[in-house]
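Colleague: Each chain, letter by letter, is given below.
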Amino acid sequence: MSCSHTRVRKNTLRLKILTCLMLCFCALGYSRGFSHNAISFTTSSAIASELLSPPVVITGKVTDEKGKPLANTSVMAKGSKYGATTNELGEFSLTVKDGTVVLIVSQIGYETKEIKVNGQGHFNITLVQTASQQQEIVIVGMQRQKKRDVVSSISSISAAQIENNPVASVDQLLQGRVSGMNVQINSGEPGVAPTIVVRGNSNVNTGIGDKSIADAQSLSTPLYVIDGMPINTSDISTIGSSGTNYIAGININDIESVDVQKDAVAKAAWGSRGANGVIYIRTKKGKSGVPQFQMNAYGGVVAKPELLRTYTGREERAQKMNIINQYDPNNLKLGSVSQLLTDAYNPSYNNATDWQNLFYRTAAIKNIDGSFSGNTDMVNYRFGVNYYDEQGVIKSFGYTRYGFRGNFNLKISDRLNTQILLSATRGDRKRGMKYNNSDDNTPVSGSNMPTSFYKLNAIDSSLYLGTASNLRNKNLTDEYSASLTLNYDITRSLRYVLQGSVNSTNDSRDYFQPSSNSDISGSRYAGKDNYAESNKGVYNSFFLSNSLNWAKTFKSNTLEHNLVVTASQQFSRDVATSTNVWGYRTPNDNIQTVTGIAQTDIAGNSTYNASAILSYLGQVQYDLNRKYLLNLSYRADASSRFGSDSKWGYFPAAGLGWIVSDEKFFNGLTNAVSFLKLRASIGKSGRNSDKFYAPYNSYVTDQSYNGNTTIRPDYTNGLTKNNLTWSTNIDKNVGLDAFFLHNKVTLSVDVYDRLTKGDFYDFNLPFYVGYDQINFNANDLWVSNKGVDLTIGANRIKIAKDLNWGTNLVLSYNKNRIAKLPNDNRTFAVTDYAGVSRIYAVGQPIYEMFMLKYLGVYNHESDIPFNPLTGKKITYFKGNHTVKAGDPIWQDVNGDYDVWSGEDNGDQYGDRLPVGDPNPAVTGGWTNDFSYKNFTLSVLCVFSGKRTVYNTFFQEQVANVAGGYNSSMKTFATTRTPDMTNINYWTPQKANGKPDYKADFPSINPFEGSYYQYTPMSNQFAEDGSYFKIAAVTLGYQIPNSLLRRLTLKNARVYAMANNLATFSKSSMPNPELVSGIGIYSGGQYPTPIKITLGVDVTF
Amino acid sequence: MKKYFVQILAIFLLGASLSSCKKMLYEAPINTVYSENFWTSETSVNQATEAMYVQLRSALRDGSSHFIFGDLTTNLFSCSYSCDWTLDAVRPNYSKGSFFFSYVPYMEEPLQNWSRFYKIIAQSNLIQQNVPAMSPGLFINSRPDAYIAEALFMRAYAYFYMTRVWGDPVYVSKSYNDVDYGKIPPLARTPESKVLDSCLIDLRKAAAALDYGGTSLRANKGTVYSLMAHIFAWRHQYDSCHQYCQKVIANGGYALEPMSTYGNIWAGTGSQENILELPMMANDRTDISETNAQYFDFFSLFLKGSLVDNQKGNAWVMAKGGVMDYIFTDKTNDQRFLNYFVHTNATNNDVDGYLLLKYNNFKYKIPSSKTSPYLNNNLVLLRLADIILLDAEAQASTGNLAGAQAMLKQTEDRAGITSYNDPTDQYSMLDEVVSERGRELAGEGSWYYDLIRTDSSQQWLGAVGYPSARVTSTNKGYYWPLDMATLFPQDNLLTQNPWWATHK
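In the order they appear, the protein sequences are chains G and R.
Going by my numbering, the final residue of the first sequence carries number 1162, and the count climbs one at a time with no gaps.
Going by my numbering, the final residue of the second sequence carries number 506, and the count climbs one at a time with no gaps.
Where hints are given, some of them may not hold.
Unchecked claim - Lysine to any residue pairs mimicking SDA-like chemistry, simulated, CA-CA at most 20 Å apart: (1) Lys-940(G) x Ser-104(R); (2) Lys-367(R) x Thr-662(G); (3) Lys-185(R) x Asp-886(G); (4) Lys-709(G) x Asp-180(R); (5) Lys-753(G) x Ser-296(G); (6) Lys-25(R) x Asn-671(G); (7) Lys-185(R) x Asn-779(G); (8) Lys-365(R) x Asn-768(G); (9) Lys-24(R) x Asp-707(G); (10) Lys-24(R) x Asn-608(G); (11) Lys-783(G) x Asn-39(R); (12) Lys-753(G) x Glu-38(R); (13) Lys-753(G) x Glu-29(R); (14) Lys-25(R) x Ser-706(G); (15) Lys-24(R) x Ala-698(G); (16) Lys-24(R) x Ala-700(G); (17) Lys-185(R) x Asp-842(G); (18) Lys-24(R) x Asn-671(G); (19) Lys-783(G) x Asp-180(R); (20) Lys-753(G) x Tyr-36(R); (21) Lys-940(G) x Glu-110(R); (22) Lys-25(R) x Val-637(G); (23) Lys-709(G) x Lys-25(R); (24) Lys-940(G) x Asp-485(R); (25) Lys-783(G) x Glu-29(R); (26) Lys-24(R) x Ser-706(G); (27) Lys-940(G) x Pro-107(R); (28) Lys-349(G) x Glu-225(G); (29) Lys-185(R) x Gln-418(G).
Said to hold, decoys possible - Not everything, but these chain R residues come out facing chain G in the computed CB check (under 7 Å): (30) Pro-31; (31) Ile-32; (32) Phe-40; (33) Glu-52; (34) Ala-53; (35) Lys-121; (36) Asp-170; (37) Val-172; (38) Val-174; (39) Tyr-178; (40) Gly-184.
Because the hints were derived from the structure by calculation, they are not lab data.
Just so we're clear, the structure is a prediction, and the values are computed from it rather than from any experiment.
Glycine is no exception: its CB is placed at the ideal position from the N, C-alpha and C atoms.
Can you build the whole structure from these sequences, using the hints too?
Modeller: Given below as structure tokens:
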């Protein structure tokens, strides 16, 4: 097919394009991050061998179902030694002795096809993918296993499912694609991590009164293993200068597969770190026999989000005056109404400022990445480079990444081969005015939004925006990693594997807040001084493992025993250091670093934290006739974070599998059920302490006394004991994998029971101990998570000629319960940072809301119950408020004719009831793929159900009108009006003389005193947090072969993608997914915007 | 070759990792000290000892509770709704429903929860536990006994303070180091008499290990004897009280500050009169972001208007015609009244009355821009005038009116008044003592305890507004209620104070 001349030309072309690509990166600023070491490479000249002159020549082309050429496919003449391999265009040419042969066409991952050939000719052959990637390899602990032989519950995602999605990190793309995993993308801010919980939350955190603790520690997060190296992302966040998601450093198009390991056998192999699930990410390696260049580029827009419905100007005034007129029809109290409302002709108060509009924009997103890879007998290589740039939909936000990754596999001798992985990434994150990860994305956000009446002139708005633009907020994250693996075959069945990996995260943040900020942005920066800060953090992880792997097959007449035994020793070491300086009052606002600050106003510190884990791991994989499967694993971990009396933790696990469809009795059924495997597993895994020095009673420096620094124990939470240890997680799992109708329909079901015992827990200590709390393993703290993971798929369903349909439904059900509590199951309540009380009680889910139960409105005086003993009406607020018409109905649980959240007589829980579970019981996703000729259309929808969330945004807005902590006519006038247009709130006018009148919402009379009815006290503002989201729609077009040939391309695809297209929910919130981990909607969260991108993906 | 190379490398790495990682598995923090490496030097012991004083300072400063407990409750000061609405309700003659101190919205933590004092006690117990185990050779500047003595003093001070505010405390004299934290047995309250017995035993031990003299910022023998005198007075053991007062007066090395420099007592200048004071000067900042606002808020309770550069529009005011007029009988001569009280008109809902000027050393951190104000004073807890007047009370109570008169003469002469000449019987002598203590110690967080202590004979509590049934010795309604909603779940044997068990 080709002569050497054209090949040379082609290679030159490739070089040219590669050079272009490199220049492109340099131009995009990549060069700032890395040195210009020239990348040298040699192209292999290997290509399908030419054949001797033939009697009969058979040519053809092998493609997959979508028409994509299949390279490296083996084409053999049955019963002969003649054979060929397809080239990159899927073409082959085979010479056989005579014309009547049967061709056997085989390719890994596809069903082998036999084709009868009669004489010379050209054959177009389509191969069909084997069901559910049965031959794919997954890595369980330190063992590679074929999916068919796996006995544990593992869900996999391949590159094709996630590539080219316009998000910064792969974790977001796991949403709706993996059963048993709850991913909530609760911030649209570029470079921020979503919350991920595998098989239910097991963290019982009592520190949720602090927002930063609630965000970081309220949910149990999984362990990431990236190319064999365990990475604890929550530990990395402790150097926390920038708060950028570690996973955002990995280019999505460099990822080969993501395996989510959910049950005992897979988790126990990671011992004290595996309890909350393991996400195993593998990066791409070279595949193609000849050098292959691939380039992806996409660009698009991030649409300005739909803003919260706001009434401005005349509309706002009309609405507010309407509320006032409702409660003061005769204008008797007009004197108390703010001038803002009454003086409609005052130019200072006669405006229609839309404050939200000031900060949001339509932004751009672009990505370009290229790779260069090849695979020969001796060497396998892949280089990838990447530039990703996402502007934020809020001004001055954004995330930019420059990345490089190289994977090499060298065969040194027959017995020895080595793998080298290198990567370097720079993430540059702009965060507006934000200091911490919070909901305060704009200077006026959520319910703090001022009224539209205020005049906003050009100077004002530039000052407001200036809080974002003059403020310096530079966040850089550089991630470097290097890994070396040596595989040495000592004997034919015994292999030694050495892996050494280093991972370094260098995080920095430079922050400057000019003094002029404070004057205009109100109370949030009360001080008038400027402030400069510079933080540098380095997190280094080292990982070393030595493994021996012994694989042997014993055969007798009819029995085949396959045995793989692995023994491994591992050591990981983490060192986190940081240097921080900060100071107030730099001499001039143009000096934006910590420079020239007076001695008394400057401070600094440096920190050093280190920890280590030493582990031994044994794994046994055995099967009989590839039908009866057995996996055993046993891990021992010693951690520096365990107490001296309990240094070692032991984690056993066992799993069984039975491939029923291989049994003889099943033969008759194979047409209907082509494959059926039953699985069961049980085992232990653990969670290590979050604290580096958990086993030490660390002391703190207190205030100075007469100029001397004092030191004392940390009486807030500074005690420990020598038997501090891991928390134990016991998993039981039963599952089945089945394929029906010739692999057209696939089914995978798992039922699990996950019990967490002895988790780290903040014990509240009695006052006389002196210490408030101790964080320790609570033997009597048990959390139960039970549930079902379900995946049903169908592929290659022919709808019409050339039109095929495939679908995949992922469904997870989880029931989360506290099963046991310390102090003889003593129930207690904690109020979270938003003011919502949570109950911790046996039988309740974690973070169950614990509030007064709202039952509607007392529409008429006659509806109000009387205390039969006193003859008085029911009261609220410990007798301080006698209930009257228009008040909310709160359930009187204790029957004392007074309803409140607590009582003075020591009844600390008053009339509160468990009223809402913020943990979604049902999550999942539904994918539909259509292909028509060269077109493909893929639609991913995700959903989350049976979840209660609390809308503090609406609650606070209503509280500004009436019934809040500070509600008054003034707050009513100066803040944004809640959208009450479609709400039938109680007013005396509506109720008067209409005995049938029914209000949907209590009175919002701004003239009346508050009894705190609109603080987060009742579940009136709790809402159904279920949603259904069209997460991604992709339309692709495969460039036809004829055109490819002309363009001298191997493959090309163009596509258009729409992300976050629409969200449907029953709630009043625009997007109920934008709630914190414990279910609080504040209205200020960074929206997840609609992204529309167009892209091209070219291989040459 | 390659084969051997790899094997050697592997064995090397395996060996290297095993030996070095053993050490790393036991790696201790270097950012902080921890229990095992802290108790190894005298510097550490000194840091831990001074930490107790810091904890006491924080405990008294918390919600300005020291002044609320000791002064606001006497009705000498009034606090308007505008000044602090949560405290408006505290006053005994509160007009709108008489909450007394049962209802202090959002101030339950500082006023009805004693937990913070148990942190001081825990720190004291920790010192008592660890110092004896240290080698005496480590101590160069002081003796280990002296540090233990300071710890004993501080524990006694904390228990006595709690006893005067809340009544019977829960008595703990050991460290809770290695117990089952999920199952700590509950403890009942210990009767006041037993607690004070233990305090006196501790204080005798402490006195033996300490000397007179030294700084008034730390406890010494004079401080210990002063506290003992107070405890004896509280128990009405006035013979012993007199004995210890005399020891302090005769041997303590203290002297009354002359009237001309009276203000030095609070100015942090090391006045000879001071027996125990807590430094709250500007140099005790630890964090650059702390603007000493806390100190400002604490002392500035008493100040407003031009006195604090108009930083505040409300303050605690001694109302005209109130308790103040009752005790200041000689306003024309009393130099304290003339120099340390200033008249203020009724403004901003505050009543017409007088402001206290003891804590008026006022500064800005940045004078040019007038930002970060702070009040640069020390908090004086014990001083000679207090002990002299305590002795007057002791002698009057034991029938030695002449001795009492001689004591009263000392402070009243300094102030320029002579009302010590008036009393002729024991009752009026004691009344004169109580009044003079009020005049001398106003705004120092202590007068309320004088009223409680002397109430059985003098009945001042009723006079300043408390219903008589409440403040009987059985009802003990002069104690603050405990925040049972918070404390009871921690300790199921805890009981509410008698009056509040039925009246909250």
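Colleague: Are Lys-940(G) and Glu-110(R) close enough, with their CA atoms no more than 20 Å apart?
Modeller: Since the Cα atoms of Lys-940(G) and Glu-110(R) sit roughly 16 Å apart, the hinted pair holds (cutoff 20 Å).
Colleague: Can you confirm whether the C-alpha distance between Lys-753(G) and Glu-38(R) stays at or below 20 Å?
Modeller: Measuring from Cα to Cα gives roughly 18 Å; hence the hint holds.
Colleague: Next pair to validate is Lys-753(G) with Glu-29(R); report whether the Cα-Cα distance is within 20 Å.
Modeller: 13 Å, holds
Colleague: Check the hint pairing Lys-940(G) with Ser-104(R) against an upper bound of 20 Å on the C-alpha distance.
Modeller: Holds. Lys-940(G) to Ser-104(R) sits at ~14 Å (cutoff 20 Å).
Colleague: Taking 20 Å as the top limit, are the C-alpha atoms of Lys-185(R) and Asn-779(G) close enough?
Modeller: Within the cut-off at roughly 17 Å; holds.
Colleague: Closer than 7 Å between Cβ atoms is the bar; does Val-172(R) clear it against chain G? Give me holds or violated.
Modeller: 5 Å, holds
Colleague: Was the hint right that Pro-31(R) lines chain G, CB cutoff 7 Å?
Modeller: Hint on Pro-31(R): holds, closest Cβ of chain G at ~4 Å, below 7 Å.
Colleague: Any CB of chain G closer than 7 Å to the CB of Glu-52(R)?
Modeller: It holds, given that the least Cβ distance between Glu-52(R) and chain G is near 4 Å, below 7 Å.
Colleague: Would you mind confirming whether the straight-line C-alpha gap from Lys-783(G) to Asn-39(R) stays at or under 20 Å?
Modeller: 16 Å, holds
Colleague: Decide if the proposed pair is consistent with the structure: Lys-709(G) and Asp-180(R), CA atoms, cutoff 20 Å inclusive.
Modeller: 18 Å, holds
Colleague: Would the hint on Asp-170(R) stand, with a C-beta cut-off of 7 Å toward chain G?
Modeller: 13 Å, violated
Colleague: So, Gly-184(R) near chain G? Judge it on the closest CB pair being under 7 Å.
Modeller: Hint holds; Gly-184(R) Cβ to chain G Cβ min 4 Å, cut 7 Å.
Hint check: violations occur at hints 29 and 36; the rest are consistent with the structure.
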